[in-house]
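**Q** The residues making up each chain are set out below.
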Amino acid sequence: MLELKNVSFEIGDSAIPIIKDVSLTLENQKLYVITGPNGSGKSSLAKIIMGIYRPTSGKIYFDGQDITDMGVTERARLGIGFAFQNPPRFKGISVGSLLRIASSSEKAAVGCNYLFDVGLCPKDYVNREVNNSLSGGELKRIEIATLLNRTLKMAIFDEPEAGIDLWSFSKLTETFNKMHEKKDSTIVIISHQERILNLADEIILIADGYIQRKGAKEEMLPDILNACDCNKNCIERMEIGDECN
Amino acid sequence: MSAIEKKILEQIIDLHETPQGAYNLRKNGEGVERHSSANIEIRPKKDKPGIDIFVKPGTKGESVHIPVIITETGIKDLVYNTFDIGEGADVLVVAGCGIHNPGQKTSQHDGVHNFIVRKGARMRYVEKHYGQGEGTGKRILNPQTIIEIEEGGTAELELVQIRGVDSTKRTTTAKVHKNAHLVVTERMLTHGEQLAESEMIIELVGENAAAQVISRSVAQDQSKQVFYPRMVGLAKCRGHVQCDAIIMNNAVVRAIPEIAAHHEDANLVHEAAIGRIAGEQIIKLMTLGLSEKEAEETILAGFLS
Numbered sequence: 001m002l003e004l005k006n007v008s009f010e011i012g013d014s015a016i017p018i019i020k021d022v023s024l025t026l027e028n029q030k031l032y033v034i035t036g037p038n039g040s041g042k043s044s045l046a047k048i049i050m051g052i053y054r055p056t057s058g059k060i061y062f063d064g065q066d067i068t069d070m071g072v073t074e075r076a077r078l079g080i081g082f083a084f085q086n087p088p089r090f091k092g093i094s095v096g097s098l099l100r101i102a103s104s105s106e107k108a109a110v111g112c113n114y115l116f117d118v119g120l121c122p123k124d125y126v127n128r129e130v131n132n133s134l135s136g137g138e139l140k141r142i143e144i145a146t147l148l149n150r151t152l153k154m155a156i157f158d159e160p161e162a163g164i165d166l167w168s169f170s171k172l173t174e175t176f177n178k179m180h181e182k183k184d185s186t187i188v189i190i191s192h193q194e195r196i197l198n199l200a201d202e203i204i205l206i207a208d209g210y211i212q213r214k215g216a217k218e219e220m221l222p223d224i225l226n227a228c229d230c231n232k233n234c235i236e237r238m239e240i241g242d243e244c245n
Numbered sequence: 246m247s248a249i250e251k252k253i254l255e256q257i258i259d260l261h262e263t264p265q266g267a268y269n270l271r272k273n274g275e276g277v278e279r280h281s282s283a284n285i286e287i288r289p290k291k292d293k294p295g296i297d298i299f300v301k302p303g304t305k306g307e308s309v310h311i312p313v314i315i316t317e318t319g320i321k322d323l324v325y326n327t328f329d330i331g332e333g334a335d336v337l338v339v340a341g342c343g344i345h346n347p348g349q350k351t352s353q354h355d356g357v358h359n360f361i362v363r364k365g366a367r368m369r370y371v372e373k374h375y376g377q378g379e380g381t382g383k384r385i386l387n388p389q390t391i392i393e394i395e396e397g398g399t400a401e402l403e404l405v406q407i408r409g410v411d412s413t414k415r416t417t418t419a420k421v422h423k424n425a426h427l428v429v430t431e432r433m434l435t436h437g438e439q440l441a442e443s444e445m446i447i448e449l450v451g452e453n454a455a456a457q458v459i460s461r462s463v464a465q466d467q468s469k470q471v472f473y474p475r476m477v478g479l480a481k482c483r484g485h486v487q488c489d490a491i492i493m494n495n496a497v498v499r500a501i502p503e504i505a506a507h508h509e510d511a512n513l514v515h516e517a518a519i520g521r522i523a524g525e526q527i528i529k530l531m532t533l534g535l536s537e538k539e540a541e542e543t544i545l546a547g548f549l550s
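First to last, the sequence lines map onto chains A and B. For the record, in the first sequence the residue sitting at position 73 is 73 according to the numbering used here, with numbers rising by one throughout. For the record, in the second sequence the residue sitting at position 195 is 440 according to the numbering used here, with numbers rising by one throughout.
In isolation and in its complexed conformation, chain A is listed as follows (with noise of 0.2 Å):
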């Protein structure tokens, strides 16, 4: 279980504020989806956790564990995990090494079958370097496979449907699924996406750094939907590249 109490973060030295006192419970087992608008506040939450982002003020506690001064390193041997919306590319490391260093050394070998819930052939790919030859989106894939191949207590994905195609945005929804089915981790994916939205057991709206509501999907999807200016269908019509007008 992880808990943020009234935590509150701060950028640059004129100390605007992003995040405002949040207090949240995330609990074992569970599928949250965060939603809200651009800038609000959501990659800021998702990175204080994985403790890229240090709090202002707050403490931050993981399974009963003060962990609010504890660095990236040491929350990732806990069991958290973080895939990054804009990964970085490596010169030199092959996708299998990235893989490898990702998963325990056992799993190793198995590694390789995460890139296909994720849509690339192995064969393809483990011997690929992590460089510019990749499209944003194989990227993002392998970004996803990294996730995937870790034994992880609480895993974070920040916007892992951008700049993924329809077909793999469907692979990727099942394979969210079968990782909530197999009930390993607590999962925790920032999204924009109603497909996402519906995998949701809760769903957390931010806006402006604020919690604005925190509730089971049931409750919160027809608002959310509804608070749209646009016609109901346009999440659909976003997914196949449209403008929301």
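Check the hints yourself; a few may be wrong.
In silico lysine to any residue, SDA-like type, Cα no more than 25 Å apart, as pairs [claimed, not checked]:
| id | chain 1 | residue 1 | chain 2 | residue 2 |
| --- | --- | --- | --- | --- |
| 1 | B | K364 | B | E393 |
| 2 | B | K383 | B | Q465 |
| 3 | A | K91 | B | G295 |
| 4 | B | K538 | A | M50 |
Only some residues are given here: those of chain B computed to face chain A with a beta carbon under 10 Å [unchecked claim]:
| id | residue |
| --- | --- |
| 5 | R288 |
| 6 | V471 |
| 7 | R521 |
| 8 | A523 |
| 9 | I527 |
| 10 | I528 |
| 11 | A546 |
Calculated directly from the structure, the hints in this document are not laboratory data. Where a beta carbon is used, it is the ideal one built from N, C-alpha and C, also for glycine.
Knowing the structure of chain A, use the given hints to seat chain B on it.
**A** Just chain B, lined up with the frame of chain A:
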């Protein structure tokens, strides 16, 4: 062989014992062990220090190892080696020099390597440079490589210097004939107060000659690196020069790639980039459970692999 000598040998030729096939070991300025094989003959030069290596035409899948080790302080060794790779041969040449300097005086090895890769032959040449030792004496290596590749020949030069060499000035000169192909990959890591300079002149003289230079380096601490690869197209040819460096701490890296075309069908490209390790790369590997130091080492090892 002493433990130090074995360790150096492992660093430079990945072996702790005498390799199979043709072999020449030079230690502290003298040839100490040499054997030829049926197809590869090694002869000492008569007029100056060094060896002549003849690979018979058509020799396939054989290798020749010619390591140099220096374990004494105050050695200054200049050696000339000539390689004649016969028509249609396909061989691996493993060179390399390791210096263990235990004292206060400079130990230096300057190897002048002359290659002729004959018609249709293939050669892969691996040269690793390494230095260690508790003394304050400098460890200096100034290799010169001169190569000519005849029609349809191929040469791959892999030049590696990872740690321990205080000063190096490397010059590589190549002439690539019709339908011949040259690939030079350079890997370098400097640290402390080290200085490394690499200068190359590659002339593409024959029709459809092709050459590629891939240089990757890491400069740490106060070390300084200068790269000056030059590619000259004198015929219908293709050439590509790529210099990529990671800079750390207070190091200095200069990369000055130059391409010159003397023919309207010469197709030459150069790229050069210098930058630090991106913070996101470190953080990404830390989210996989590596420490900051492990993350940095993983990134550098990948970059130089």
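**Q** When the structure is checked against the list of hints, which entries are broken? Sort them ascending.
**A** 3, 5, 6, 7
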